[in-house]
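Student: Here is what each chain is made of, one letter per residue.
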Amino acid sequence: MKQPLDPMSEGLGPPAPPPELRDRTLQAARAAMTSDGGDDIWLRLWRSRPIRVAWATSVATLLFGHIVISSGAGARPGPEDTIRPVMAATAMCDELAAVIDVKRVTIELPGWEIRVSRNRVETEPPTAEEDPS
Amino acid sequence: MRSTSASDTENRWRGVFAELAEGRLAALDVLYDLASADVYRLALWRTGSREDAEDVVQDVFVRVAEQGPRLASVRHPKRWLLTVAHRRAVDLARRRRRRESESMEGIPYLVATGADPDRAVETAQISRHINRLPAKQREVLLLRHFADCTFADIGRIIGVPTFTAASRHRLAVAKLRRLLENNHETTS
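Chains as they are written, first to last, in our numbering: chain A, 1 to 133; chain B, 134 to 321.
Excised from the complex, chain A in its bound form (with noise of 0.2 Å):
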């Protein structure tokens, strides 16, 4: 795979680093093998001043938040507060109240047994002696 550069680099290559830079290197990375290195990752956020400040006030502005909005100043209208106007408009308009008063449907078949569940409708046909056909 190694390739000469250039027919004129043949015999040429990168230089090697110097030797005295081994026993630094070693020396180095021998004691941050040694040293109570194991920090994990929250250690290192704990022990970070800006992180801790960060986190108390986004923990503070999320506090004030939900107090704020919990104790009605912004709380969110109810059903009562979107239907009532709803309600005053129709009264004024007989057109109005016939489109929003939809009547109930309702299933009427002689001999059917309608059992309602969670997420189907189960129908029996009637049997032969109460099949009006």
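It is worth saying that the hints were derived from the structure and are not from the lab. Just so it is clear, the structure is predicted and the values come from calculations on it, not from any experiment. Idealized CB from N, CA, C, for every residue including glycine. It is possible that some hints are incorrect.
[Unchecked claim] Here are the in silico distance ranges between beta carbons for each label pair:
| no. | chain 1 | residue 1 | chain 2 | residue 2 | range |
| --- | --- | --- | --- | --- | --- |
| 1 | B | Gly-292 | A | Glu-20 | 27 to 37 Å |
| 2 | A | Arg-47 | B | Asp-166 | 53 to 63 Å |
| 3 | A | His-66 | B | Val-163 | 53 to 63 Å |
| 4 | B | Gly-201 | A | Gln-27 | 16 to 26 Å |
| 5 | A | Val-59 | B | Asp-166 | 12 to 22 Å |
| 6 | A | Val-59 | B | Arg-265 | 52 to 62 Å |
| 7 | B | Arg-303 | A | Ser-48 | 38 to 48 Å |
| 8 | A | Ala-60 | B | Arg-220 | 31 to 41 Å |
| 9 | A | Val-59 | B | Thr-283 | 48 to 58 Å |
| 10 | A | Ala-54 | B | Arg-220 | 20 to 30 Å |
| 11 | A | Gln-27 | B | Ala-253 | 53 to 63 Å |
Given chain A's structure and the hints, the job is docking chain B onto it.
Tutor: Structure of chain B alone, referenced to chain A:
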């Protein structure tokens, strides 16, 4: 033959990383013998500074030592180490850009591997031409010709697509050839 020796080398790297993951200090020496030349050369060709290259070697080994048991999960140790070296070299070069005015003419990107004193002038000339290449192209040249990397490996190490790595290599070789040809013409 090549694939066997390549896989032997890869296994050796993995073995050293596994020992380091277990906390064996002696493995640091083995890793230094195995990797320091590649890391130093990559840093030298990328930063264009011997001092920075030495700092990169030291930082990379400290970083490796700090990884501890996580080293066991590294799948391609050589590629991982060169990636760390590349990133560190880029960081350092960016931070020390202010020193760009410092002359880099004397940086020995190449040295004679044999004991041939006649090649000293020639070596200095080629190093000067290499110095005229952009750092990104220089780095690809080194990884391809002197660190035994494929273009796919180079792409992963420097964080670019394989095609971009190959393209940088092509541009670098073309420019270097042009510079060398011009040099021949002027000297002859």
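Student: What hint numbers does the structure not satisfy?
Tutor: Result: hints 2, 5, 11 break, sorted rising.
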